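Q: Spelled out from the first residue to the last, the chains are:
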Amino acid sequence: MKSKRITLFLLLSLLFLSLVGGETKYGFEIWSRYQATFENENEFLLTKNQIYSPRGYFTVEPKLSDNIKGRFTLDFVSLKDGVEGASVRLKYAYLDFSNLPIKSSNINFGLIKNYFGTIYDYEYPVYETELSDKEKVVNSADYGVSFNGLLPAGFGFYAFSVMNGEGYKKTDSSVDLNPAFLVNLRLIPVTGLTVGGSVLYEDKTLLSPESVDSMISDSLRMAYVGLVKYNFNFLSLSFEYLSNKIDSVIGAGYSVIGLIDAKRIADIPLELVARYDSWDKNLDATFDGYKRIIAGTNMNFFKDNGVIMQLSYDRTMYEDTTKADVNNVIFQMKWKFSNTLQ
Amino acid sequence: MKKILTLILSILTVFLFVFPKTNDITMSGSTTVFPIAQKASEVFMDKNPSINITVRGGGSGVGISNLIEGKVDIANSSRKIKEKEIYQAKENGVNVFETVIANDALSMVVHPSNPVSDISLKTLKDIYTGKIKNWKEIGGKDMSIVVVSRDVSSGTFEVFNEKILEGAKYREDALLLASNNAVLSTVKDTPGAIGYIGLGFVNESVKALKVEGVYPSKESVNNKTYKIARSLYLYTNGKPKGNIGKFIDFILSDEGQKIVEETGYIPLR
Numbered sequence: 001m002k003s004k005r006i007t008l009f010l011l012l013s014l015l016f017l018s019l020v021g022g023e024t025k026y027g028f029e030i031w032s033r034y035q036a037t038f039e040n041e042n043e044f045l046l047t048k049n050q051i052y053s054p055r056g057y058f059t060v061e062p063k064l065s066d067n068i069k070g071r072f073t074l075d076f077v078s079l080k081d082g083v084e085g086a087s088v089r090l091k092y093a094y095l096d097f098s099n100l101p102i103k104s105s106n107i108n109f110g111l112i113k114n115y116f117g118t119i120y121d122y123e124y125p126v127y128e129t130e131l132s133d134k135e136k137v138v139n140s141a142d143y144g145v146s147f148n149g150l151l152p153a154g155f156g157f158y159a160f161s162v163m164n165g166e167g168y169k170k171t172d173s174s175v176d177l178n179p180a181f182l183v184n185l186r187l188i189p190v191t192g193l194t195v196g197g198s199v200l201y202e203d204k205t206l207l208s209p210e211s212v213d214s215m216i217s218d219s220l221r222m223a224y225v226g227l228v229k230y231n232f233n234f235l236s237l238s239f240e241y242l243s244n245k246i247d248s249v250i251g252a253g254y255s256v257i258g259l260i261d262a263k264r265i266a267d268i269p270l271e272l273v274a275r276y277d278s279w280d281k282n283l284d285a286t287f288d289g290y291k292r293i294i295a296g297t298n299m300n301f302f303k304d305n306g307v308i309m310q311l312s313y314d315r316t317m318y319e320d321t322t323k324a325d326v327n328n329v330i331f332q333m334k335w336k337f338s339n340t341l342q
Numbered sequence: 001m002k003k004i005l006t007l008i009l010s011i012l013t014v015f016l017f018v019f020p021k022t023n024d025i026t027m028s029g030s031t032t033v034f035p036i037a038q039k040a041s042e043v044f045m046d047k048n049p050s051i052n053i054t055v056r057g058g059g060s061g062v063g064i065s066n067l068i069e070g071k072v073d074i075a076n077s078s079r080k081i082k083e084k085e086i087y088q089a090k091e092n093g094v095n096v097f098e099t100v101i102a103n104d105a106l107s108m109v110v111h112p113s114n115p116v117s118d119i120s121l122k123t124l125k126d127i128y129t130g131k132i133k134n135w136k137e138i139g140g141k142d143m144s145i146v147v148v149s150r151d152v153s154s155g156t157f158e159v160f161n162e163k164i165l166e167g168a169k170y171r172e173d174a175l176l177l178a179s180n181n182a183v184l185s186t187v188k189d190t191p192g193a194i195g196y197i198g199l200g201f202v203n204e205s206v207k208a209l210k211v212e213g214v215y216p217s218k219e220s221v222n223n224k225t226y227k228i229a230r231s232l233y234l235y236t237n238g239k240p241k242g243n244i245g246k247f248i249d250f251i252l253s254d255e256g257q258k259i260v261e262e263t264g265y266i267p268l269r
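Sequence lines, in order, name chains A and B.
The first sequence begins at 1 in the working numbering and counts up by one.
The second sequence begins at 1 in the working numbering and counts up by one.
Careful, some of the hints might be misleading.
As the list claims (entries may be wrong) - In silico contact screen, one side only, chain B against chain A (beta carbon under 8 Å); selected entries:
| no. | residue |
| --- | --- |
| 1 | ILE11 |
| 2 | GLY70 |
| 3 | GLU83 |
| 4 | LYS84 |
| 5 | ILE86 |
| 6 | TYR87 |
| 7 | LYS90 |
| 8 | GLU91 |
| 9 | ASN92 |
| 10 | GLY93 |
| 11 | ASN95 |
| 12 | LYS141 |
| 13 | MET143 |
Simulated from the structure, these hints should not be mistaken for laboratory data.
Everything numeric in this text was worked out from a predicted model, so none of it was measured.
Using N, Cα and C, we set each Cβ at its ideal position, and we do this for glycine too.
Please model the complete structure; the sequences and the hints are all you need to start from.
A: This is how it looks when you write it as structure tokens:
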């Protein structure tokens with residue numbers, strides 16, 4: 001109940017401030033998708049063939065002064081690929097304080113971005129979410145406070161956060177007493193090359209040691225990610241290694257994404273993209289991992305008008321050989337519009 | 001994997017032959033720099049008919065963002081690039097290179113019928129934050145002040161914000177307009193209006209005010225007595241080479257600097 005009140009308070013405060021404040025940016029984004037799924041054990045079996053809208057976002061960003069901005073985003077999520085309708089969740093609701101004594105730094109408070117790995121600036125070069133998001137290692141937003149900023153001369157980015165640790169989808173009794181701590185650092189030693197990593201740590205016995213007696217299974221959590229990105233002219237490559245340790249269970253995997261922007265070499269607004277994921281939920285267990293390849297193209301003919309079309313094919317191959325490979329053909333249209341009221 | 005790589009290479013080869021990238025130069029950004037860029041590109045294209053230059057406005061923020069995303073070759077800007085933009089550019093593989101092409105005096109303009117002719121920096125701040133709302137408070141007519149400003153994507157807006165408002169909040173009813181021309185036109189048609197524009201846009205349809213007793217001019221900018229002067233920039237990905245380098249060298253040449261002066265701005269020498 002307390003968290004709901006806090007959420008409602010933040011939401012109403014931002015709405016109010018956006019009405020009385022100066023510049024306010026509004027934006028809406030929606031994804032519409034056609035998906036055909038085939039499973040191939042012995043023969044191709046069509047198991048899904050539908051058009052639906054998996055996601056929509058409504059964002060308001062009021063600028064209250066040069067030093068204070070707000071942001072809240074409503075997240076419209078299809079339930080079971082739209083079969084059971086949709087739900088609305090609050091995704092972001094935070095205030096951003098800038099112009100602090102430390103140059104180019106900010107403090108965010110509320111339902112903030114989770115500065116873990118690439119989850120906070122992942123731009124969906126393919127339709128699939130970023131690996132740590134997909135494997136629910138972290139959520140893209142969480143309640144907390146973050147101090148973040150830029151290193152001088154664009155040399156990098158840092159963030160230190162203290163969050164609930166349960167993500168934006170959980171409130172009330174789902175939230176334990178113990179905070180999660182996050183450190184994120186990205187460095188750009190040479191233009192186009194980014195190296196970095198994040199560590200998220202949560203000890204669920206820190207403030208409530210009695211939970212040791214109750215033998216809760218998830219008492220210690222440590223997730224980390226290391227990443228390398230390279231952007232040069234028409235070519236973008238990224239590699240991320242992810243590990244998630246919950247007590248003695250360690251899950252690990254990696255994701256590689258390659259993108260060629262044809263617009264940079266020929267006069268055609270197309271991107272060719274491929275992604276390869278490997279994930280093992282428990283390194284000590286067998287048959288719980290998978291490998292996945294996604295290949296596709298992003299058609300940016302109307303990108304300046306806010307429309308991106310993505311066509312892709314993906315195949316998931318499970319470590320458990322009794323499970324059939326899953327193939328998807330997906331055509332997605334993402335369209336968005338935004339406006340700034342002054 | 002071999003098949004996928006072969007397929008990608010084949011597609012790229014087809015693209016290269018069917019849709020070859022042209023030698024065109026694209027630039028976008030500041031509406032203040034726009035007149036210089038447009039006039040210079042016209043003269044340059046006359047001299048180099050094989051090179052086509054496209055110039056678009058949008059504001060300094062838009063131009064720099066386009067450069068970072070690889071959409072344009074040159075970003076025109078009436079403000080210095082920000083640290084956040086440098087970070088984004090570096091991450092995107094864009095090595096931002098800055099070239100100063102001219103200087104400018106941010107000129108405060110009012111309706112020609114307005115008797116006020118001199119204004120202090122503090123008074124400007126008070127007007128734009130809403131502390132002073134009537135011209136009679138500063139020796140003018142009994143007439144409400146209509147505050148006209150540039151919009152947030154404008155470099156001119158940011159320079160004004162930094163040098164005059166120092167982070168204070170604008171009057172809520174300030175008119176935020178998308179271009180120097182829009183500000184000029186509104187001030188020209190509104191007796192109680194005050195606005196700010198690049199020196200190149202000042203003409204006889206409006207009255208330029210002295211700021212702290214100094215008129216905006218080439219001399220006052222060069223001798224640093226005019227308080228709200230600034231430089232105008234072109235940003236490129238790396239040190240300009242090829243046709244882009246040729247074009248920027250042209251703007252920096254005597255002929256290019258003459259165009260800067262003809263468009264109402266202050267040449268570098």
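Q: It remains to establish, for every hint, whether it holds in the given structure.
A: Checked hints:
Restraint check, ILE11/B versus chain A: the minimum CB separation of about 7 Å is within 8 Å; hint holds. A least Cβ separation of about 6 Å between GLY70/B and chain A falls short of the 8 Å threshold, and the interface hint therefore holds. Taken as an interface hint, GLU83/B checks out: its beta carbon lies about 5 Å from the nearest beta carbon of chain A, inside 8 Å. Interface restraint check for LYS84/B: the shortest CB-CB distance to chain A comes to about 6 Å, inside 8 Å, so the restraint holds.
Against a cut-off of 8 Å between C-beta atoms, the interface hint on ILE86/B holds, since the closest Cβ of chain A lies about 4 Å away. The restraint placing TYR87/B at the interface with chain A holds, with a minimum CB-CB distance near 4 Å, inside the 8 Å limit. A least Cβ separation of about 5 Å between LYS90/B and chain A falls short of the 8 Å threshold, and the interface hint therefore holds. The restraint placing GLU91/B at the interface with chain A holds, with a minimum CB-CB distance near 5 Å, inside the 8 Å limit.
The criterion of a C-beta within 8 Å of any C-beta in chain A is met by ASN92/B, whose closest approach is roughly 5 Å, and the hint holds. Annotation: GLY93/B was flagged as interfacial toward chain A, and the flag holds, the nearest CB pair being 3 Å apart, inside 8 Å. Hint status for ASN95/B relative to chain A: holds, with the closest Cβ pair at about 4 Å, below 8 Å. Using the Cβ-Cβ criterion of 8 Å, the hint placing LYS141/B at the interface with chain A is not satisfied: the shortest such distance is roughly 28 Å.
Against a cut-off of 8 Å between C-beta atoms, the interface hint on MET143/B is violated, since the closest Cβ of chain A lies about 24 Å away.
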